[in-house]
Amino acid sequence: GPKVLQIPSHQIIDMGQMVTLNCDPVSNHLYFYWYKQILGQQMEFLVNFYNGKVMEKSKLFKDQFSVERPDGSYFTLKIQPTALEDSAVYFCASSSWVNTGQLYFGEGSKLTVL
Amino acid sequence: GQQVQQSPASLVLQEGENAELQCNFSSTATQLQWFYQSPGGSLVSLLSNPSGTKHTGRLTSTTVTKERRSSLHISSSQTTDSGTYLCAIDHQGGRALIFGTGTTVSVSP
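Chains as they are written, first to last, in the numbering used here: chain D, 1 to 114; chain H, 115 to 223.
Chain D on its own, in the form it takes in the complex (with noise of 0.2 Å):
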């Protein structure tokens, strides 16, 4: 089935650092999201995005994070500066215009914050 494609999937970083998590979503896709998971918590909506703008964001979605898909490359998301509270898998999905609704996920992207 389609695939979305998550880089790196492991990262660590020294608190105060800046981090980018790339998503390559499926291919003819429109709607990008975030969601994070913190290990053995529940799936967390973070951001969604749509023609290059933020649609909707939950309150997780702090200042210090940002989304963006710059000329159709990966879509991103930057934290800067991290915290040790952002330690969490945090997953990519895509949805297309036609099949509303069905939301394909990448296999997550593991960040620890020290």
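Just so you know, not all the hints are guaranteed correct.
Subject to a maximum C-alpha distance of 30 Å in a straight line, what follows is the list of computed DSS-like cross-link-like pairs (lysine-lysine) [stated by the list, open to error]:
1. D/78 / D/110
2. D/62 / D/78
3. D/62 / D/3
4. H/168 / D/3
5. D/57 / H/180
6. D/110 / D/3
If you're looking for bench data, these hints aren't it; they were derived computationally from the structure.
Remember, predicted model here, so these are calculated numbers, not experimental data.
Knowing the structure of chain D, use the given hints to seat chain H on it.
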């Protein structure tokens, strides 16, 4: 906001047994998806079923929109079915899906 509750929290099965997982939600939903999350953490979409009944393989989902509930039936369970099953609903008509806490299924041989 949308609340999604899943039951039971966990389930232990003998291989070959059937299972019924429940999902209840607080507000009207136009999108509903069932996902499987493996013990390693990867997420797989099983079914998109905002209303009615859908089948795929050994899985059957029935959603009764007016009653704000959905079920996922696993027939003839296998050890490879072990993992967490997540129900996700759209949030106030938006495109974002809100996830339940999941049902952890453990199937022993």
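Here's how the hints hold up against the structure:
For the hint linking residue 78 of chain D to residue 110 of chain D, the alpha-carbon distance of about 14 Å falls within 30 Å, and the restraint holds. Between residue 62 of chain D and residue 78 of chain D the alpha-carbon distance is near 11 Å, which keeps this suggested pair within the 30 Å criterion. With a C-alpha separation of about 28 Å, the suggested pair residue 62 of chain D and residue 3 of chain D falls inside the 30 Å cut-off, and the hint holds. A hinted pair counts as satisfied when its Cα atoms are at most 30 Å apart, and residue 168 of chain H with residue 3 of chain D qualifies at roughly 23 Å.
Between residue 57 of chain D and residue 180 of chain H the CA atoms are separated by roughly 27 Å; this keeps the pair inside 30 Å, and the hint holds. A hinted pair counts as satisfied when its Cα atoms are at most 30 Å apart, and residue 110 of chain D with residue 3 of chain D qualifies at roughly 18 Å.
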